[in-house]
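Each chain, letter by letter, is given below.
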Amino acid sequence: MRPVVAIARLTLKAAFRFRLVPVLALLLIGGVLLLPAVIKDDGTARGLTQIVLTYTLGLITAVLGLTTLWLACGTLAGDIEDCQLQVVAVKPVARWQIWLGKWLGILILDALLLGLCAGTVFLQLQWRARHLSPAQQEVLRNEIFVARGSAREVIPDLDPVIDEILKKRREEPDFARLPRADARRMVADQVRAQYQVVLPGYTRIWRINLAEHAAALRDRPLYLRIKFFAVDRALTGTYEGLWEAGPPSASQRVGQVFSHAAETFHEFPLPPNLLDTEGVLTVEYTNQNPTALFFPIEDGFEVLYHQGSFATNYMRGVLVVFCWLALLAAVGLAAASFLSFPVAAFFALGLLILSFSTGTMKNIVEQGTIREVDHDTGMVAEPNWFDHTSVGAFRAALWTVNLVRDFSPIEALSTGRTVSWTTLARAFGQIVVLVGGLFAAFGVLVFTRRELATAQGKV
Amino acid sequence: MGSEIISSIDATTAGVAPVSPAPNNAVIAVRGLTKVFKDFWGRPKARAVDRVDFEVRRGEVFGLLGPNGSGKSTTVKILLGLLYPTQGHVEVFGHSPRHVATKARIGYLPEESYLYRYLDSGETLDFFGNLFHLSPRERRQRSEQLLEMVGLSQVRRRTVGEFSKGMQRRIGLAQALINDPDLVVLDEPTAGLDPIGCREVKDLILALAARGKTVLLSSHLLADVEDVCNRVVIYYGGRIQAMGTLKELLATPDAIRITVPILPRDILERVLEILRREAGPDRVRLDNPTQNLESYFLGVVERAKQSEATSGATSGHRVAAYLRGEDQAVPSVDRALERFARPAEPESPRVTTAPREPAVDESRLAALSQGGPPSPPPTPPATPAAAPPNLDQADQRLTDLLGGKS
Numbered sequence: 004m005r006p007v008v009a010i011a012r013l014t015l016k017a018a019f020r021f022r023l024v025p026v027l028a029l030l031l032i033g034g035v036l037l038l039p040a041v042i043k044d045d046g047t048a049r050g051l052t053q054i055v056l057t058y059t060l061g062l063i064t065a066v067l068g069l070t071t072l073w074l075a076c077g078t079l080a081g082d083i084e085d086c087q088l089q090v091v092a093v094k095p096v097a098r099w100q101i102w103l104g105k106w107l108g109i110l111i112l113d114a115l116l117l118g119l120c121a122g123t124v125f126l127q128l129q130w131r132a133r134h135l136s137p138a139q140q141e142v143l144r145n146e147i148f149v150a151r152g153s154a155r156e157v158i159p160d161l162d163p164v165i166d167e168i169l170k171k172r173r174e175e176p177d178f179a180r181l182p183r184a185d186a187r188r189m190v191a192d193q194v195r196a197q198y199q200v201v202l203p204g205y206t207r208i209w210r211i212n213l214a215e216h217a218a219a220l221r222d223r224p225l226y227l228r229i230k231f232f233a234v235d236r237a238l239t240g241t242y243e244g245l246w247e248a249g250p251p252s253a254s255q256r257v258g259q260v261f262s263h264a265a266e267t268f269h270e271f272p273l274p275p276n277l278l279d280t281e282g283v284l285t286v287e288y289t290n291q292n293p294t295a296l297f298f299p300i301e302d303g304f305e306v307l308y309h310q311g312s313f314a315t316n317y318m319r320g321v322l323v324v325f326c327w328l329a330l331l332a333a334v335g336l337a338a339a340s341f342l343s344f345p346v347a348a349f350f351a352l353g354l355l356i357l358s359f360s361t362g363t364m365k366n367i368v369e370q371g372t373i374r375e376v377d378h379d380t381g382m383v384a385e386p387n388w389f390d391h392t393s394v395g396a397f398r399a400a401l402w403t404v405n406l407v408r409d410f411s412p413i414e415a416l417s418t419g420r421t422v423s424w425t426t427l428a429r430a431f432g433q434i435v436v437l438v439g440g441l442f443a444a445f446g447v448l449v450f451t452r453r454e455l456a457t458a459q460g461k462v
Numbered sequence: 504m505g506s507e508i509i510s511s512i513d514a515t516t517a518g519v520a521p522v523s524p525a526p527n528n529a530v531i532a533v534r535g536l537t538k539v540f541k542d543f544w545g546r547p548k549a550r551a552v553d554r555v556d557f558e559v560r561r562g563e564v565f566g567l568l569g570p571n572g573s574g575k576s577t578t579v580k581i582l583l584g585l586l587y588p589t590q591g592h593v594e595v596f597g598h599s600p601r602h603v604a605t606k607a608r609i610g611y612l613p614e615e616s617y618l619y620r621y622l623d624s625g626e627t628l629d630f631f632g633n634l635f636h637l638s639p640r641e642r643r644q645r646s647e648q649l650l651e652m653v654g655l656s657q658v659r660r661r662t663v664g665e666f667s668k669g670m671q672r673r674i675g676l677a678q679a680l681i682n683d684p685d686l687v688v689l690d691e692p693t694a695g696l697d698p699i700g701c702r703e704v705k706d707l708i709l710a711l712a713a714r715g716k717t718v719l720l721s722s723h724l725l726a727d728v729e730d731v732c733n734r735v736v737i738y739y740g741g742r743i744q745a746m747g748t749l750k751e752l753l754a755t756p757d758a759i760r761i762t763v764p765i766l767p768r769d770i771l772e773r774v775l776e777i778l779r780r781e782a783g784p785d786r787v788r789l790d791n792p793t794q795n796l797e798s799y800f801l802g803v804v805e806r807a808k809q810s811e812a813t814s815g816a817t818s819g820h821r822v823a824a825y826l827r828g829e830d831q832a833v834p835s836v837d838r839a840l841e842r843f844a845r846p847a848e849p850e851s852p853r854v855t856t857a858p859r860e861p862a863v864d865e866s867r868l869a870a871l872s873q874g875g876p877p878s879p880p881p882t883p884p885a886t887p888a889a890a891p892p893n894l895d896q897a898d899q900r901l902t903d904l905l906g907g908k909s
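Protein chains in written order, with the working numbering: chain P, 4 to 462; chain X, 504 to 909.
With the rest of the complex left out, here is chain P:
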């Protein structure tokens, strides 16, 4: 372990001696402080949060992420090209220890910079919050400076239902002529619509089981977070509807008509103590518009409830960001394990850009090809070996990327939602151990087999 720590310290020393740490710290803290000064908020709690928390944390993540990638490539590839690793590798240090030492050094550096910047963001948020109106400060306390749990309606497994309906419909001659995949998609949309679509004049009922938290939620408000799409555009741009909550015949049941815009999130509070005796919250929505509204199963309806303090939640959220940085460091080191410096950096950046193209990857996997598809069916006519191979690769890539992108700590913090310990542990497991471990294993393997003395050095 001593060599690993020695190499980590060396990496850290290099970052300080080359002035990377002070310069980057100054830039980041400057950015964190200047951004809210340049972009004025609208005086609301949400506006303030958007700029002081969402934008600044986003900025820190982006800058530190790119720096980490660049630094990881530079520290290993640079040492190989400058032949310094020749002197290290002839000591009783395994190559994996060198690799791990570099990784550890970068992680410590990231922890330092991220901690410094995140601390600045936290303090600035607290300081700027004092300048809000009392009403907005109340909103901030209840909706942002809090860790809120999230509960959604439990949707049953729809596949058996879809398959059964599909089987019956396939007996119809017209329907049987459709390609099976298309037919199944149509049936699936119809089945899912029962849970998502609210027709004009109809009422949709959500029942959310909060029994587990009932005691903790006594006398605390709940929050509904909704998002919907409209089939036809309203002239006013908003859509009215009656929202009612509480047990159907109870005295504490509340109801109010709201007018909301489509295709964006809305959040509004519910008074405390609306759960029934079994701890179930019942919410009904009556569509008073002449058009159908569509609440997506994934994020159309959500109940938020108080779960913990903001400070701890903030720390967990920042730690998820740290997991991303750890992965980027592994990606950079893996690239530098077999490529020279600038090439390694561009390769790693390319991977990063690819990871943002999940939409394209998803399309390829769904269409079954990276070639042109049949415009009528949206599928490839006759998939060949190339389609199978490439789609398999894209499916694996998509699965891997989703493991990493399955977390939204900044969005969670901006909306006062809990980043639970479980989420953090899952992030660590998926991002650092699983995906980071894959890159580390690849990097160490290649680095171990690499001949280090082929570089002639710049000294």
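No lab work stands behind these hints, which were simulated from the structure alone.
Take the hints with a grain of salt, since some may be wrong.
Said to hold, decoys possible - A few chain X residues that don't get close to chain P, going by computed Cβ distances all over 10 Å:
| no. | residue |
| --- | --- |
| 1 | Asp553 |
| 2 | Ile777 |
| 3 | Arg786 |
As the list claims (entries may be wrong) - What follows is a list of derived Cβ distance ranges for each label pair:
| no. | chain 1 | residue 1 | chain 2 | residue 2 | range |
| --- | --- | --- | --- | --- | --- |
| 4 | X | Arg550 | P | Ala444 | 33 to 39 Å |
| 5 | X | His602 | P | Thr363 | 46 to 52 Å |
| 6 | P | Pro25 | X | Asp556 | 54 to 60 Å |
| 7 | X | Ser638 | P | Gly432 | 35 to 41 Å |
| 8 | P | Pro25 | X | His602 | 38 to 44 Å |
Positions of the beta carbon are idealized from the N, C-alpha and C atoms, including for glycine.
Using the hints provided, position chain X relative to the given structure of chain P.
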């Protein structure tokens, strides 16, 4: 008179570590080693080493000699596990060069200063000490001794990037010795060093050999190799062109050189007459012994040091105590000590041959026999006399050479 005769072979090779290694104690074994560098597509680009065989035995100072690009450094890097052989078999201490634990017994000075430029001398040695799992106390002690030895103790807070090339070689040498290695691999160790530094490095090699360390020296500088090596291989074009002890390679068995003090003319003439009669008049040569330029230079600098100050690296000092074995509770069974203590085996005749030389110049004979001061003055040879010194004497001599007086 016979007792005053000084064998020239003694004078020129007394510094070489006198080892008689056993045949089965190979530290390095190389058999059929071939290294072909390939391009991106795997096509052969250059055959750097071609079917090379040799062994380096424990306690030897072994030289890899050859012009630039002859394959010396490639061989060294394969021995260190930095390059992998295309064909052939390499063992270091009985293991593959990539065996991690074996590397704890190896010290390596690369051909250039491949050190971290942002670390100072102390940090550099501390870092490498950590890689050998040395305790903080050991690292501190060894660093101090090594910095003192290589003459960098006064600039220990300056970063390596600010060092001159010579100073970088010195700190490079120090890091190679931080683990008190059993095998020291030195790739062009005197490159970039001034003559004093060169001498210091060569004396250090001798001191290491005297402790039973094995030294592999790769160099294209003939003087370096000649001064310290027991055995050499000569590379050219990636192949070994010659291999053997210096004596085997350099001796001219059909001629001898006799060195005597200034004698009266009549005695000299009598001796010459006998020699001419026996060997033939045109095959006898008479001249003054001369010291080499390195010895002369060191003498001048030594005298200048008494009155002049300098900046930068100072001359090195006494060899680090742990490298002399003084740190060990039970001194290692120093075979070198035994060798030094053992009476020297008489060499018969105690002279060696030299290349064919011109015939005697009569006028020169006259000048010599008159006892006039020869030119250059007859200073003692740079290398010690034939009698094998014991280890203390060797240390003392080394200390003096490394600047112990300053």
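To see whether the hints hold, each was checked on the structure:
1. Asp553: Non-interface label stands for aspartate 553/X: nearest chain P Cβ at 18 Å, farther than 10 Å.
2. Ile777: holds, 59 Å
3. Arg786: Holds, because the least Cβ-Cβ distance between arginine 786/X and chain P comes to about 51 Å, which exceeds 10 Å.
4. Arg550/X <-> Ala444/P: 33 to 39 Å: holds, 34 Å
5. His602/X <-> Thr363/P: 46 to 52 Å: Cβ of histidine 602/X to Cβ of threonine 363/P: about 47 Å, so the range 46 to 52 Å holds.
6. Pro25/P <-> Asp556/X: 54 to 60 Å: About 55 Å separates the Cβ atoms of proline 25/P and aspartate 556/X, which means 54 to 60 Å holds.
7. Ser638/X <-> Gly432/P: 35 to 41 Å: holds, 37 Å
8. Pro25/P <-> His602/X: 38 to 44 Å: holds, 42 Å
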